[in-house]
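So the protein lines, in turn, are chains A and B.
Following the working numbering, the numbering of the first sequence begins with 36 at its first residue and continues without gaps.
Following the working numbering, the numbering of the second sequence begins with 139 at its first residue and continues without gaps.
In case anyone wonders, no lab produced these hints; they're calculated from the structure.
Be aware that one or more of the hints could be misleading.
[To be verified] For each label pair, taking beta carbons as the anchor points, the in silico distance ranges come out as:
1) 46(A) x 159(B): 13 to 23 Å
2) 103(A) x 159(B): 49 to 59 Å
3) 44(A) x 230(B): 43 to 53 Å
4) 232(B) x 89(A): 47 to 57 Å
5) 38(A) x 230(B): 39 to 49 Å
6) 192(B) x 106(A): 14 to 24 Å
[What the hints assert, rightly or not] Chain B side only, calculated, beta carbon under 7 Å to chain A, not exhaustive:
7) 173
8) 175
9) 177
Using N, Cα and C, we set each Cβ at its ideal position, and we do this for glycine too.
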Amino acid sequence: MINQEIQLSNRLGLHARAAGKLVNVTGRFSADCWISFNNRRVNAKSIMGLLTLAAPCGATLKVELDGSDEQAAYTAITELIDQRFEEPE
Amino acid sequence: MDQTCTLLMVTHPGIGSALLHQMQRIFAADTTGQLTKLYLMEIDDDAFGAKLDEDFNHWITTLDETNKVLVLTDLEGATPASLALRHARRHGWPVLTGLNLPMLLKAVTHRHLELSKLIIKVIEGTQDAIHILYEPYQTD
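Next comes chain B alone, as it looks inside the complex (with noise of 0.2 Å):
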């Protein structure tokens, strides 16, 4: 049985797809399935109503997997978190917030692992991704 965790990214318009295609030149030669079972949605911040509920409940429908799921949003109760949030409670799956390119990483190369370790591994791992790579300024 596949035990690789899909990933549901829900994201503001732009940031997501960016990420997709970084990803996909990233992993060009993809020999292990690294960008199997990864999922994008993107949501105006201005959308609403019962009609977006319906049309995110349906793309979680067409899902091939609903067992070993990881939500990836961008920012916190902003619109694409708060649909991406609602619909997870209902399946019980995880979502964290903060989602950038070093998060992603973590996430496609980590996917094996039983959930609450890859949710570990990814917050460390994008913790760790962001640091001083360079301070020009002395301080005390």
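In isolation and in its complexed conformation, chain A is listed as follows (with noise of 0.2 Å):
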């Protein structure tokens, strides 16, 4: 099981283009995996769900990781948070 928190940096923060690819990389594992923000928690494997958290630039967002292949996967969400989800600065 993996707790961690991930803060967002990219300038929309969690917007749909962002949630579609953090759903892409979370579709690829088996672990569950939810993510929470203003105590709302949610399937991180959910676009509408992702979307529900409105969670901004700046956003410090606690991920939760549940299954055999989590530690990759927790890399692979990190690795796009922190890449600001491929978007300019």
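Once you've looked at the hints, go ahead and assemble the two chains, each given alone in its own frame, into the complex.
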């Protein structure tokens, strides 16, 4: 079980395209994946769920992963977020 | 065998293409095939006649898959929905109205489900997406 916090640094926060990219990443892994923000916890494999977080730039997301490939999933998630979802600064 | 549901959008001009454009932006890095088997036909409200049915029927025959199909249309009773319904009935395809971006997102991301479960998921998800996000007025 992985339980970590990650900060969003892309200008638009967790908007639709960013959420789509995140779902593309989480969907590749079998581990259960949950993301929380502002006391709301959603399935990180659901784009609709992620969008309801309305997490802006600077938001600290709590990431929970549970499954055999949780470490690989966490690495992929942090890479995507650290790269600001491949968006320009 | 590919169990992904084919999605047919039948809408008024501009609506389906705008939704499709947004889906392409959201899933720009599509690695899980969300945008495959997603088809669109836009129909003018004043379109009618045998040629329209013929064209629609021809379009259907060009699709890859005709077994597991869900038809999504925008406005019940309008020309696109009526046309879609007419043809869907012949093929035994379910038709949902009220197409919007949340509905399309739900449909696309749960297309692997059995058709009856997919329909429930899409309807519930779309209804959940309609709520008051901000209410500035106090009401008793």
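Going through the hints against the structure:
Distance hint check: the CB atoms of residue 46(A) and residue 159(B) are about 22 Å apart, consistent with the given range 13 to 23 Å. At about 38 Å, the beta-carbon gap between residue 103(A) and residue 159(B) misses the expected band of 49 to 59 Å. Range check, residue 44(A) to residue 230(B): about 50 Å between beta-carbon atoms, so the 43 to 53 Å window is met. Evaluation of the 47 to 57 Å hint for residue 232(B) and residue 89(A) yields a failure: the beta carbon distance comes to about 32 Å.
The given range of 39 to 49 Å is respected by residue 38(A) and residue 230(B), whose C-beta atoms sit roughly 47 Å from each other. Checking the proposed 14 to 24 Å range against residue 192(B) and residue 106(A) shows it is violated: the Cβ atoms sit about 56 Å from each other. Taking 7 Å as the C-beta cut-off, the interface hint given for residue 173(B) is violated, the closest approach to chain A being about 11 Å. Look at residue 175(B): its Cβ only gets to about 17 Å from chain A, farther than 7 Å, so that hint breaks.
The interface hint given for residue 177(B) is broken, as the beta carbon of that residue sits about 20 Å from the closest beta carbon of chain A, more than 7 Å.
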